[in-house]
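Using the numbering used here, read the first sequence as starting at 110 and increasing by one per residue.
For the record, the hints were derived by calculation from the structure and aren't laboratory data.
This one's a predicted model, so the numbers in the text were calculated from it and none came from an experiment.
A couple of the hints might just be wrong.
As the list claims (entries may be wrong) - Cut-off 27 Å, straight-line C-alpha distance, at most; resulting in silico cross-link-like pairs (DSSO-like, lysine-lysine):
#1 K188 x K546
#2 K609 x K667
#3 K616 x K561
#4 K188 x K211
#5 K317 x K230
#6 K188 x K554
#7 K616 x K546
#8 K237 x K554
#9 K667 x K646
#10 K211 x K237
#11 K637 x K283
#12 K230 x K609
#13 K554 x K616
#14 K561 x K283
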Amino acid sequence: MALHMSSLFLRTLREDPADAEVPSHRLLVRAGYVRRVSPGVYTWLPLGLRVLRNVEKIVREEMDAIGAQELLFPALLPKEPFEATGRWTEYGDNIFRLQDRKGADHLLGPTHEEMFTLTVKDLYSSYKDLPLSIYQIQTKYRDEARPRAGVLRGREFVMKDSYSFDVDAAGLDKSYQLHREAYVRIFDRLGFHYVIVEAMAGAMGGSKSEEFLATAEVGEDTYVHCTSCGYAANVEAVRVPAPSPVGWEDVPAAHAEDTPDTPTIDTLVTHLNERFPRDDRPWEAGDTLKNVVVTLVNPDGTREPLAIGVPGDREVDEKRLGAQVEPAEVEAFTEADFAANPALVKGYIGPGALGLEGSSGIRYLLDPRIAEGTRWVTGADVAGQHVIDLVAGRDFSADGTIEAAEVRPGDPCPTCDHTLSAARGIEMGHVFQLGTKYAEALDLKVLDQNGKLVTVVMGSYGVGVSRAVACVVEGNHDESGIIWPRELAPADVHVVAAGKDEALFVKAEEIARELEVQGLSVLVDDRKGVSPGVKFKDSELIGIPTILVIGRGLADGKVEIKDRRSGERREVAVDDAVAALTAEVTAEVERS
RNA sequence: CGGGGUGUGGCGCAGCUUGGUAGCGCAUUGCGUUUGGGACGCAAGGGCCGCAGGUUCAAAUCCUGUCACCCCGACCA
Numbered sequence: 110m111a112l113h114m115s116s117l118f119l120r121t122l123r124e125d126p127a128d129a130e131v132p133s134h135r136l137l138v139r140a141g142y143v144r145r146v147s148p149g150v151y152t153w154l155p156l157g158l159r160v161l162r163n164v165e166k167i168v169r170e171e172m173d174a175i176g177a178q179e180l181l182f183p184a185l186l187p188k189e190p191f192e193a194t195g196r197w198t199e200y201g202d203n204i205f206r207l208q209d210r211k212g213a214d215h216l217l218g219p220t221h222e223e224m225f226t227l228t229v230k231d232l233y234s235s236y237k238d239l240p241l242s243i244y245q246i247q248t249k250y251r252d253e254a255r256p257r258a259g260v261l262r263g264r265e266f267v268m269k270d271s272y273s274f275d276v277d278a279a280g281l282d283k284s285y286q287l288h289r290e291a292y293v294r295i296f297d298r299l300g301f302h303y304v305i306v307e308a309m310a311g312a313m314g315g316s317k318s319e320e321f322l323a324t325a326e327v328g329e330d331t332y333v334h335c336t337s338c339g340y341a342a343n344v345e346a347v348r349v350p351a352p353s354p355v356g357w358e359d360v361p362a363a364h365a366e367d368t369p370d371t372p373t374i375d376t377l378v379t380h381l382n383e384r385f386p387r388d389d390r391p392w393e394a395g396d397t398l399k400n401v402v403v404t405l406v407n408p409d410g411t412r413e414p415l416a417i418g419v420p421g422d423r424e425v426d427e428k429r430l431g432a433q434v435e436p437a438e439v440e441a442f443t444e445a446d447f448a449a450n451p452a453l454v455k456g457y458i459g460p461g462a463l464g465l466e467g468s469s470g471i472r473y474l475l476d477p478r479i480a481e482g483t484r485w486v487t488g489a490d491v492a493g494q495h496v497i498d499l500v501a502g503r504d505f506s507a508d509g510t511i512e513a514a515e516v517r518p519g520d521p522c523p524t525c526d527h528t529l530s531a532a533r534g535i536e537m538g539h540v541f542q543l544g545t546k547y548a549e550a551l552d553l554k555v556l557d558q559n560g561k562l563v564t565v566v567m568g569s570y571g572v573g574v575s576r577a578v579a580c581v582v583e584g585n586h587d588e589s590g591i592i593w594p595r596e597l598a599p600a601d602v603h604v605v606a607a608g609k610d611e612a613l614f615v616k617a618e619e620i621a622r623e624l625e626v627q628g629l630s631v632l633v634d635d636r637k638g639v640s641p642g643v644k645f646k647d648s649e650l651i652g653i654p655t656i657l658v659i660g661r662g663l664a665d666g667k668v669e670i671k672d673r674r675s676g677e678r679r680e681v682a683v684d685d686a687v688a689a690l691t692a693e694v695t696a697e698v699e700r701s
């Protein structure tokens, strides 16, 4: 049965809601797809629910096509499995927690690794049962510190998550590849531009991980890409190519110099150029070695300082650092921390004080650019003094390297000789080789061919289903409203009765019925007493890709087919309308 | 958690500086006119001005406190 505007539970808004900033949020509310209930929590109204279901349908079809099987876990979970993996504490404030009448702790699932793992453990115990891929489309809950942009980042959201289970790494590779290909098909069908970028595999267990990012200005993720070789990575995962070691034969011995009042890189560089000018070129920030100290807070609450050495022209990128030290959290080093570590001279920290072997005993990690043989100016661990011609490998060493320095457009590509550009994206999907992290924590093992117990190797794969709805709108709208891709639209054809003549309404109903016989879904604007202008505006706002206007032309046996995206209109004979529309819609579906 | 902002009919906003009968547009209801690009007229319903306390003859307006929401940042398998 066709949807009718006269009775549809819908109210379009002429004005933008005050709390909506990004286009998808504005339009989804204005066009009557969603309503906010509380911060980050939204109601799906009839039109919106149709779109959401369409996304789910695409996801199901492609998951089923690779042999994944759908199941459904509860959203309400007991805490015990999350205690077993440590995530009851690790997830911190992001978990919605609640207690039942007996005082037992529960949570609303933010993700379901534990449940999938335990359920496989419950039912399977042989290599013969594997490989296995199972998935669910489930409402997830995360108490985000700051939900934003409507359903783009909610506290309650719909996600497809699947997990693969294999006996070995080779099997995981195969399952991962299958999912990756399925994701390519899903995102192609969803109809927005996206990139596949290398992502952080995580501090534990994971080995390979890629994100599917919808390219969008409003995106929260920054990624870099190389226009030459196709390399693309989330900034968190960018690998800095380490320069080859260089000889230090010509470098004079390191010498400490007085550099009073130079606690910052800027003041230091100015001072160097005034007092220690070089013949070949002036000193620059990039000649200095900046040592930053932070405090790591482990999930169990223990604290440990960490020093990071980066070239002076770069900041430590907190996101990159955070990803490297996960699950520990990073806090700034406070005055109290300095007081507790007298070996550190604020503003003049140098490698002499750092490192497990250094006077402070603080673990010291270097940016890969600080390769063996490179020479630096850096703090002398004495107030008002810096060391010049300090050579890495000759005069100091560290406890390892860390990828924590900021990444900038123009940096060299790690895989070819070109440079990187930066752009923003929205994380829409994530494929992730988990490895044995959860299987080990929850003791998921099967017997192999030799009767030996082996730990199952897992992969995890997510698609943001409700987020996809917003994301599609971000990529498919204009001034007037939404422009749905065919497969997602709440209906195939929007039939508009534009006028007051009763014959228009009769014909609209007749055509709607015939379209439905042809298998198309239809929204009919059968509102009486509503002027054509209002109906046109609403049809553009709502964004069904094909609009059939039955109006003044009907007297001459003509109706008008309008393409929402291009704005093109063409007149067809009223008797040909159904055939023309059917041909248009089916042709478009096959093309996609 | 830090910074900025906003709370006034369903929605968008004005009024607050300078205290004195709560207003506008949209939406809604009725009647009439109108019907190809967000129509017009007349009439109507709907608001403890976020909440609490204070000052005052009198508070949407001034003071104190508090709560909520939005934006930027921090945070975010």
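Checked hints:
no.: 1; hint: K188 x K546; verdict: 18 Å, holds
no.: 2; hint: K609 x K667; verdict: 16 Å, holds
no.: 3; hint: K616 x K561; verdict: 72 Å, violated
no.: 4; hint: K188 x K211; verdict: 14 Å, holds
no.: 5; hint: K317 x K230; verdict: 24 Å, holds
no.: 6; hint: K188 x K554; verdict: 22 Å, holds
no.: 7; hint: K616 x K546; verdict: 63 Å, violated
no.: 8; hint: K237 x K554; verdict: 13 Å, holds
no.: 9; hint: K667 x K646; verdict: 21 Å, holds
no.: 10; hint: K211 x K237; verdict: 42 Å, violated
no.: 11; hint: K637 x K283; verdict: 58 Å, violated
no.: 12; hint: K230 x K609; verdict: 66 Å, violated
no.: 13; hint: K554 x K616; verdict: 65 Å, violated
no.: 14; hint: K561 x K283; verdict: 23 Å, holds
Hint compliance for this structure: hints 3, 7, 10, 11, 12 and 13 are broken, all remaining hints hold.
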